[in-house]
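Protein chains: 2
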Amino acid sequence: MVKLICRVLGLSVCAALGYAETPPLMPWPASAQFPAGELEITAGFSISAAGAGAADPRVKAAVARTYARLARQTGMPIQPRLVATPNVAALRVIVELADHRPPQQPGDNERYALDIAEGGARLSADRPLGVLRGLETFLQLVHQTPASSAGTMSGFSVPFAEIRDEPRFPWRGLSLDVSRHFIPVDGIKRTIDGLAAVKLNVLHWHLSDDQGFRVESKLYPRLQQYGSDGLFYTQTEIRDVVAYARDRGIRIVPEFDVPGHASSWLPGYPSLGSRPGPFQLVRTTGDPAGVLDPTKESTYRFLTAFFGEMVRLFPDPYFHIGGDEVNPREWNNEPRIRAFMHSHRLADAKQLQAYFNRRLEKILAQYGKHMVGWDEILQPDLSKTVMIQSWRGQKSLAEAAREGYKGVLSAGYYLDLMQPASQHYAVDPLKGDTANLTPEETKLILGGEAAMWEELATAETLDAKLWPRLAAIAERFWSPDSVTDRASMYGRLAATSRWLEWLGLTHRSNLDLIRRRLAGSLPVAPLAAFAELLEPVKGYERHRAGWGASTAFNRLVDAIPPESDAAREFNDAVDRYLAAPNPAAADSLRKQLAAWIQTAAAVRPLLEGNSLLSEDLPIADAVTALARAGTDALASRSVSAPPDWKAHAQSTIKDASAHRASLLVAIAPAIQKLVEAAPN
Amino acid sequence: MVKLICRVLGLSVCAALGYAETPPLMPWPASAQFPAGELEITAGFSISAAGAGAADPRVKAAVARTYARLARQTGMPIQPRLVATPNVAALRVIVELADHRPPQQPGDNERYALDIAEGGARLSADRPLGVLRGLETFLQLVHQTPASSAGTMSGFSVPFAEIRDEPRFPWRGLSLDVSRHFIPVDGIKRTIDGLAAVKLNVLHWHLSDDQGFRVESKLYPRLQQYGSDGLFYTQTEIRDVVAYARDRGIRIVPEFDVPGHASSWLPGYPSLGSRPGPFQLVRTTGDPAGVLDPTKESTYRFLTAFFGEMVRLFPDPYFHIGGDEVNPREWNNEPRIRAFMHSHRLADAKQLQAYFNRRLEKILAQYGKHMVGWDEILQPDLSKTVMIQSWRGQKSLAEAAREGYKGVLSAGYYLDLMQPASQHYAVDPLKGDTANLTPEETKLILGGEAAMWEELATAETLDAKLWPRLAAIAERFWSPDSVTDRASMYGRLAATSRWLEWLGLTHRSNLDLIRRRLAGSLPVAPLAAFAELLEPVKGYERHRAGWGASTAFNRLVDAIPPESDAAREFNDAVDRYLAAPNPAAADSLRKQLAAWIQTAAAVRPLLEGNSLLSEDLPIADAVTALARAGTDALASRSVSAPPDWKAHAQSTIKDASAHRASLLVAIAPAIQKLVEAAPN
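Protein chains in written order, with the working numbering: chain A, 1 to 680; chain B, 681 to 1360.
Among these hints, one or two may not hold up.
Stated by the list, open to error - With a straight-line Cα cutoff of 27 Å, these simulated DSS-like cross-link-like pairs (lysine-lysine) come out:
id : chain 1 : residue 1 : chain 2 : residue 2
1  : A       : K646      : A       : K591
2  : A       : K189      : A       : K218
3  : A       : K384      : A       : K395
4  : A       : K538      : A       : K395
5  : A       : K350      : A       : K384
6  : A       : K218      : B       : K1111
7  : B       : K1111     : B       : K1123
8  : A       : K189      : B       : K1271
9  : A       : K218      : A       : K395
10 : B       : K1111     : B       : K898
11 : B       : K1271     : A       : K591
12 : A       : K60       : B       : K898
Said to hold, decoys possible - If we take Cβ atoms under 7 Å as the criterion, some of the chain A residues that face chain B in the derived model are:
id : residue
13 : M76
14 : Q105
15 : N109
16 : A545
17 : G546
18 : G548
Please keep in mind that the hints were generated in silico from the structure rather than gathered at the bench.
We treat Cβ as the ideally placed atom computed from N, Cα and C, and that holds for glycine.
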């Protein structure tokens, strides 16, 4: 029973029940038990592979990577054994069957079992893909040998384990915009490493949008030449990335967003546009109006040829055509297009887009591709092979499923909005409007995709916008729907964030570098401590302040993670205190607040006279004022406070909660609770 | 006059003289003045190039890199302008002449002038190589705009400057062993980036040694197959690295160490050995005995063919044959070899090696290569085209020069010995025995090479063993011999260390990762604070404890830099205090010691029960004891201390100075000074 509870709730409960430390696996497996004991990792660690799938290139590459990653995670000189004998190998991999025929499909078998016991570990899987997933689990289990396990010498081990695992959803992805800010190939590969590590399996590559066209076309080279700032992927690079992803069990679904979000196509090929040209690439904020002309046959000839070129680069059976946010005026204002709508009995722009989509669907079907699009493409008469990606919510997903369309959920998983991991974690593709679907309809909900739009993110900050929050979303898509404990999630997420460093992700290190850059020649520690109390403003507020190709993303708001751990922990401590006030807890809160007053004082010399940081001086003042208000609130319970202290504190909180320099003081809500709950 | 002093002494003096902040250039230029003023770096920053050398591929590549590096150093979206017009460009590059004919030679013109003033910067150079050096200087000057410079908005600028610069020595290198531990290509490239950044110009690649043969030979593939653990550079990789280095103005001088240090040649080709085979690759400590047989013609046929293959990979005019540490017994014990010596009138092993070297020198001359070797090759009858690399000291260098041989100094620059930067900085190729050479002989001293042997370093820790100390050695080789101020060097070295991070060097970040790995799931901060007080044992002590291919380098000693900044700063503070004791200084020292007692207490929970860290528990005790002894010494001046306090303190220091876990408590010498100087 204990083991059953551990399986679902993980870390905190198991620790309370006397299990030394539940491994910080993320996503949590379908079933996991951890009998007492540790298997030591030594420099002579070796991996053998057997079974019909053992010679598969993906298995071989994954085993080779596992040696290298074990070496990084332990600092031991672990190297591939040229011949690993099954009887001696520390990890025996058994793959029952050869790989599915490529390309990888949603629903390809990812199941595995991992048994770690005295004498060795055994990873068995039906297919090579399961081996890839299981090896990630094994690597997440590697830790410093607990003090309680005597007799190990190397310092590193994996706990004994009995794990049976497979995903809840077959489509678990990240949609990544590389148009607004370009992400070089090394960033894409690093992201793929991260996706594989948390058992996601789709990189949905948003390759074109208004502000940039990012793929080399040889047929239509003016697409990238006139439609980008010179930063795009060559076809060689695309092939390299697709192969890299396949090696790691990640599908690459390309998106070319049409007919809207297509401004970047028009400088090179103005005749595609609804309006007459010429057009210039606009790399700034706002909603550029470039929309393709769906009335000309030449548009379809162009797309037929262009898609024909692209399907040779992208082997995935799915092909994303965007389809979102078409501005109807772009069509309605053109007499030529209105005449076409009239003669084709298309009542409005929506119907015209449906016509366009049906044409595209047929083109892609010729190439053997399933068309994917955002919610808006859901219009009558579309083939049932089309898939819907919902950015609007479970409602449109449910509607699509009722009409027989497959779908994935992205609403609720927009990482660019700077929301906490817990908020995304609480969103479930099968809760809300999708909860009441029939079993047959439910099967059409293939999973979900986190989305990262790059208006405010750059290659430098991308990792910090994705990680570790994306791991929590990955758990939502992989783990049983009963895995929902917020405290367990945050505990494992912190460990996952540390662990991801061994993959080379830069979500922590790059923020540190940016803070050092801000600090200039002064010590960075006071800035780092101050930054821990802050969060970026949420939602689209900062977008509205404007952005563009010449905007520098090098301010304090760019040097912090989306979520303040310190503020969350303080908030939890305040909740516990208010539920059961006691002097020890009050004292602990008071000390924390006093430390923050010090933090705000210590950072001032760094902020003053620094042209990038001086905008943050009022925030240091706000931290001080909030910490004092919290201190007053705690004092009010024991000491008689001045009659107007609370009004003063409330005014302080209001003022301190103003958004400055695109930053929030993340401790403000908890202080407000303290003040509200205090006696007058 | 002030400017003249600044030029020589840099930071500290200039600051005292009222110059806001002397730029932390390293190496310090031959001549530099900094008039008041700043040139802003904006997102629209552009670089133009003009002159006969402007179209040179090295210039073009360096300009492209400069854009990318400016973007990293500022966080601004600085991108290459497709057309940079000279009149508008923020940095105008003028290259008078086309490039020297490749390959790069020692003595190729590296001179440049950099003028930064109102309206823009101008970098002029005779040759492309000077542009490369000057761009590094420009990038080192980029900083946060000082508060005193109003009117700049972007936050980053370069100070106005008038710099005239050229190197003191034409040969400024790093000798890097990749045999004992292999360094993958990305590590080599990172190292080359670092060399170029501090204006070094030679990577001497020690490609073979007893424990590993690291180059793919297609003629003799058993060299790498039987002579390595599978880790070696393919010929494609070698070509890639050579081109990468050339792009950055770095020569690659390959070394194949013969006839000693050649054990790794013999498993694949036993007939090359002096002893009868068979041989097995031994990847452990000690002095493997494999020596080539210099008596067989087949040895020379092999080397002729092998060198012929290698000279096609390495275009540099110099080719290093090692030649060090031949064990004479390996030859003297073989009757066949003794007979050869007798018949050829070679009195001893030394003469036999001289015979071997003369044969090699002829082979290499056929290929148009100058032979380089360690001191030992200096024997009668060698061609004067041969160059000597001295690992023994200035004496052998001076002897070589008197006999007409060129030479470079490596003695005093062994980075693997974990000595402080100041110790290497004080060594000068033209001081000591070389000081009294004639001007003609002096010209034969081409410069120096730092050396990094890899017995105890791995790909993970390499950067931390090289940097930032290598920058101080680079300054010794580049800057005028009058640039010797230790305080200025350390001030600029700290800034250089931060700055090198923007190149992607991992000397700080990887140590942080290793400490996090050691800390496991506990917060790393207490371990980091504790580690600041420690240094690795110096010299060969740790080597003697044994090492090999299966040794893990993942202990605390592997997670710290060679030199403790905190200990050095404390030592300087103690020196100042003892020179002029006063209550404020005493109080400051006392507070520091009290903080360290806290540090030692705070780290204990991390060390206890941690199988990798528990060996460091006595060191935490030693820190506590030393801090108490220092506190007693300070107290003894004002309070009457117990009669035996000093004897007790001295005994504490002696005990605390014991070497444990290959670590030293770096604050011990300063504490000892405090105690010795205190009244009884």
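Cross-check of the supplied hints:
Distance check on the hinted pair: A/K646 and A/K591 sit about 21 Å apart at the alpha-carbon level, within 27 Å; holds. Under the criterion of a C-alpha separation no larger than 27 Å, the hint pairing A/K189 with A/K218 is consistent with the structure, at around 24 Å. At most 27 Å may separate the alpha-carbon atoms for a hinted pair to count; A/K384 and A/K395 meet this at roughly 18 Å. Of the supplied pair hints, the one linking A/K538 and A/K395 holds, its CA atoms being roughly 24 Å apart against a limit of 27 Å.
With a CA separation close to 19 Å, the supplied pair A/K350 and A/K384 stays within the 27 Å bound. Proximity of A/K218 to B/K1111 is assessed by CA-CA distance (about 62 Å); at most 27 Å being required, the pair is judged violated. Restraint check: the Cα-Cα separation between B/K1111 and B/K1123 comes to about 14 Å, which is no more than 27 Å; the hinted pair holds. Pair hint A/K189 plus B/K1271 does not hold up; C-alpha atoms about 49 Å apart against a cutoff of 27 Å.
Distance hint between A/K218 and A/K395 is unfulfilled; the C-alpha atoms sit about 41 Å from each other, more than 27 Å. A C-alpha spacing of about 45 Å is found between B/K1111 and B/K898, which places the hinted pair above 27 Å, so the restraint is violated. The straight-line distance between the Cα atoms of B/K1271 and A/K591 is roughly 22 Å, inside the 27 Å bound, and the hint therefore holds. The hinted pair formed by A/K60 and B/K898 meets the criterion: a straight-line CA distance of about 26 Å does not exceed 27 Å.
At about 4 Å, the closest approach between the beta carbon of A/M76 and any beta carbon in chain B falls short of 7 Å, and the interface hint on this residue holds. A least Cβ separation of about 34 Å between A/Q105 and chain B goes past the 7 Å threshold, and the interface hint is therefore violated. With its C-beta approaching chain B no nearer than about 33 Å, A/N109 sits outside the 7 Å limit, and its interface hint is violated. The beta carbon of A/A545 is not positioned within 7 Å of any beta carbon in chain B (closest approach about 16 Å), and the interface hint is therefore violated.
Because the smallest distance between the Cβ of A/G546 and any Cβ of chain B comes to about 14 Å, over 7 Å, the interface hint for this residue is violated. With a least beta-carbon distance of about 9 Å to chain B, the hint placing A/G548 at the interface is violated under the 7 Å criterion.
Hint compliance for this structure: hints 6, 8, 9, 10, 14, 15, 16, 17 and 18 are broken, all remaining hints hold.
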